[in-house]
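J.: If you want the building blocks of each chain, they are given just below.
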Amino acid sequence: MENRPPLPASRKTPFAKRIWNQRILVLMALPFFLWMVVFNYRPLVGWVMAFENYKPRTGMFGSPWVGFKWFQEFLGDKRFYEVLRNTFAMSFLNIFFGTVCAILLAVFLNEVRSRHFKKTVQTVSYLPHFISWVVVSNIFYTFLSSEGLLNHVLLSLGLTKEAVSFMSKENSFWGIVTVAQVWKDMGWNAILYLAAITAIDPQLYEAARLDGITRWGKIRYITIPCILPTIVMLLVLNIGNLLNSTGFDPSYLMGNDMTINYSQNLAVYAYTYGIELGRYSMSTALSIFNSVFSLLLVCTANLLSRKVVEGGIL
Amino acid sequence: MTGISYKKRRRIKESWGDRSFSIVLYILLTLLALVTLYPFWNVFVLAVNDPLDTLRGGVYFWPRKFTWNNLLQILQMPSLSRAFVNSVLRTAIGSTVSVICITMFSYVLTYRKFVFRKLLSRMAVISMYVSGGLIPYFFVIRDLGLINHFLVYIIPFMLNAYYVLFTRTFIEQIPEELRESAQIDGANELVVYIRVILPLSLPIIATLVLFTAVDQWNSWFDTYIYTKATDLTTLQYELVKVLSKSTSSIKSYRDLQSQLNAGGAVTSTPQSIRMAITVITTLPILCVYPFVQRYFITGLTLGGVKG
Amino acid sequence: MLWNKKAALFLALVMVLSIAAPMTSLAESARPVVTVFDFTEELNQELINKAPTILKMEEDLGIDLQIEVVSGISKEEKMATMIASEDYPDIMFRVDERMIEAGALLPLDDLLEKEGQHVLSAWGGSLNKLRYPGDAKVYWIGSPKNRPEEIADAGACLLVQYDVLEKLGYPAIKTPDDLYKAITDYLAISPDLNGTPYIPYGVWADSWGYNQTVNNPALWINGFTDDSDAYIDQETFDVTYFNTTDYFKTYLAFLNKLYNNGLLSENAFITKYDEFNSQVASGRVLATIYNAGLMSEPEAALRAAGMPERCYARFPITLNEDVKDRSQVYCESYDNGVGISVNCKDPELAMKVIDYIASNEGNVLFNWGIEGVHYDVVDGKRAWKPEVKDAYASDPNYRYQEGISFANWWPMYVGSMKLDDGDFASPANKEDFYKNADDATKKVLDAYGITCWGDNFDTTGTPTPYGYAWTLVIETGSDADLANAKANTLRHSMVPTIVMSKTEDEFNANFDSFVNQLYNDCKINLWEDAMHQAILDRMAIWGE
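Listed in order, the protein sequences are those of chains A, B and C. Numbering-wise (numbering that gives the first Met the number 0), the first sequence opens with residue 0 and increments by one. Numbering-wise (numbering that gives the first Met the number 0), the second sequence opens with residue 0 and increments by one. Numbering-wise (numbering that gives the first Met the number 0), the third sequence opens with residue 0 and increments by one.
Treat the hints as calculated values from the structure; they're not laboratory data. Hints may contain errors.
If you want the ones that stay clear, here's a sample from chain B, every Cβ over 12 Å from chain C, calculated [what the hints assert, rightly or not]:
#, residue
1, 57
2, 138
3, 155
4, 161
One side of the interface only, derived from the structure: several residues of chain A facing chain C at Cβ under 7 Å [as the list claims (entries may be wrong)]:
#, residue
5, 168
6, 255
7, 274
We treat Cβ as the ideally placed atom computed from N, Cα and C, and that holds for glycine.
With the rest of the complex left out, here is chain A (with noise of 0.2 Å):
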């Protein structure tokens, strides 16, 4: 044995022994692994309520198949364009000013010098993440309302000649909708950059500042470049989520009878005409839509982002 050539050093390590040498990380993922096909792919079973006409007596494998019809339904209803197309539309408009308002007030942020501004700022900048929509909604129909406050500085301002009643007008629900939900989120999530931030190296600014570099340039080549993997990663799981972004609450309260051709969006849709009817086959058909779709973009959204940080995130 002891005389035995030693092996020709293969390009490939075999996969038994690949798995044997690293059987502490194997173990250690295991649970995970598990865990996830128990919680996230085991429920999965449930796809097949989409293909039959599930009724709660006959349960989930009793029920008479119908094949497509669910899927034929929405897919040849009118309505459901215009929702997709109000969904998209609010989706992208949060993503986007989300991101970006997330991020400057990261940086900027990390800017400020005085210890105590910071800090308040911070605070309260993340107060509106626990304001229910419900209150939100509210907030914004007082303010904007042809009694409000927006109103009143208008007319006071002499920039209009009559109160408008913004909530009504159809073409600026889009925009009032991504302003409250920008408003509502922005400093929670500009948590994750601030996070990102702090593992940035000090030597760096350091070394700028000897440089004598601005601050804008500090922003702009140490700080952004150093986070950028982060908001890619964020970015391409968001674009992911472009039919969920914008989610039941912020339509269905925010909304109401003069902007329902634009506020309706999916989660409203299936509600309506799912849980609400009772249909469960259907909604099971919009939600099995809804992931398909969301994970083609993810994986486009990832494909590009190859361009941006060295091998995507998946």
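Given the coordinates of chain A, assemble chains B and C onto it according to the supplied hints.
T.: Just chains B and C now, with coordinates in the frame of chain A:
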């Protein structure tokens, strides 16, 4: 370099551009603070204003008819103490478990040579976008025997793909040499995780603690769907119950009509109570936040630890 | 390392806690346990578990009730998981046909014969009205409404501010034209409220406000009972979607007239419930056709703010003198009640519980409370003790803590109906109305020569042979049900446009386009057919 001389030099070197940058920065951030603070202030004002008076509208900056009653009414809820204890327990235990699991799993995924790396990260990413719906998920919970069990608050929260991927990006930035040198010293991957990675990840741990704790603190749907015993009730669920006694949550005509036709008056949660609930939900987070905040506000950075 | 030690300590603590936390024990009970679910919108009803009236019932029946309350939040989801896992308690309050369709409920017919004597005697022939059209069996027992009742306050009706009436010398307002005149006359005398403009006619059309302030007023002024979305031919029972009819168009024309004369703002269609309540509570809404049951909070706010003259008088309103108001005619029909689940181990015992509540004794217990504790008998009549009355009015939890007059869907009489002993079933009856009214209200009541708002209304009209159309059951999730959901979305988006038309031609064109879309895009005819069938099915069962 002492702090004083540093400051002096900075002052000399600060250019006109930098100074105007500072001014713009302070103005912008102050405006932002006001814009986000005012609505919350308004929420607080309404929470301490008389409910009937609030109904008339027009309360903006200062309570018109001050009262503690809204807050007291909530604090006198029958199962409040039980709910509070449960909420604290699930937040403390749940978020600790989550943070350990998330960091450990993210750490495993940072080994570029790990055989299952691709498989596991893809599983994690896909899991973010697929869901089987409520009923199949309910069956999973039931088959695991978690119905009516405290662990239903912990186990389903162990991982969160979004946080895992975010944490992975962070851990990837820790220089490879650090763990390699530890491994040369004979430490295995688990030891490296505990000895090297965890201490270097304090900012991200702080962030995770905050996010998972808030997730735990705010969740009520699991209490509602997966538990029956009032022993397991949580604060957020009790508050949502108060909140839901609002006719604005009525979506079906029939629900309303049957209530009205049975001769019952339909009452809703007064706005003040809703505001009081917002205050009560946010207060604990406001109290805990400063302790977490220092990890990403002060100069505790990777470089600092390294040096 | 300090950090490590601290962390280890903390972890150890967490582990101990996570093991200890689940160890909660339920008290064992010697008496048979009956588990109860109550699907309610009400808060804190869990308090009822320890209420003296519930304890008395437990004592009398020798059982131990465990009442759990499932509040209105995400009710669909809760029911879905309950049905999917077939995990039902013994008794369920406030269940409807969804539970029957799911096979969750036991038919009660045989059990009623054995243990339900009180239920049978209270219901008599009305029992047929509880039968499920699918198999003509009784699955749940509601709150009976089969005795004559004189109403104290109105439900949905015309509401006009006291001040408007007073300034105009208490005129008779019977038609939309009278109303229009009253509003304009009043505005001529009093153009604004301390500088803020009035909202001359209140409408909030968002969400369920559409039914309350747009759809239903059109029913009342045309002399219909609450058929909600259906117009029903009383001879053939053919159904037409009410929003497509000229009856409905007439009311829209009235709103259009108000709008074009600046008496209805476009804000009406974006106003939400909270906003509307605060408009009312600030005293700015002069008149509206709305459900008076929804006015209790804003009216309380008005009184608290010292503006009782801004509260509302209740009147019937019809298109012209020839149309007879039927808004308060009660059409006995039921849409939910208490049932026994298929999981119940001892259905006879569960039936005893239901029967106990339906008995005279149970009626008195759960409406009035315990004699000597909550009420006394004065001159042969039950009367709440003054402190009970005060606590009931001021503390919202009191009714649950004491278990008195807390639910109007339990199988007992409520309102001004009388029990077999000739006394009122519940404290909420007509006789107290004038006594409890404030001075401003009394003044208006006196001016019109009545003692309560109910006196303004004729409740003696013949009920429809099918009850209220809104209680009719259409298979959930069927094509007809879907058509109705689509129509609902459509009317929310189109009715504002119709009302805000500038000219009559535009108004007619918009309305025609609306009707067209209802039939062509929403296929509302499917719903019309299904409703027609549901009426015929129901009448067949009721006729037995």
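J.: Each of the hints needs a verdict: does it hold here or not?
T.: Checked hints:
A cut-off of 12 Å between C-beta atoms contradicts the statement that residue 57 of chain B is not in contact with chain C; the least separation is 8 Å. Distance check for residue 138 of chain B against chain C: the nearest CB is about 7 Å away, which does not clear 12 Å, and the non-interface claim fails. The claim that residue 155 of chain B is not at the interface with chain C holds, since no C-beta of that chain comes within 12 Å of its own (minimum 14 Å). Every C-beta of chain C lies more than 12 Å from that of residue 161 of chain B, the closest at about 23 Å, which supports listing it as non-interface.
Below 7 Å, beta-carbon pairs count as interface contacts, and residue 168 of chain A has none with chain C, the closest being about 10 Å; its hint is therefore violated. About 4 Å separates the beta-carbon of residue 255 of chain A from the nearest beta-carbon of chain C, less than 7 Å, and the hint is met. The interface hint given for residue 274 of chain A is met, as the beta carbon of that residue sits about 5 Å from the closest beta carbon of chain C, less than 7 Å.
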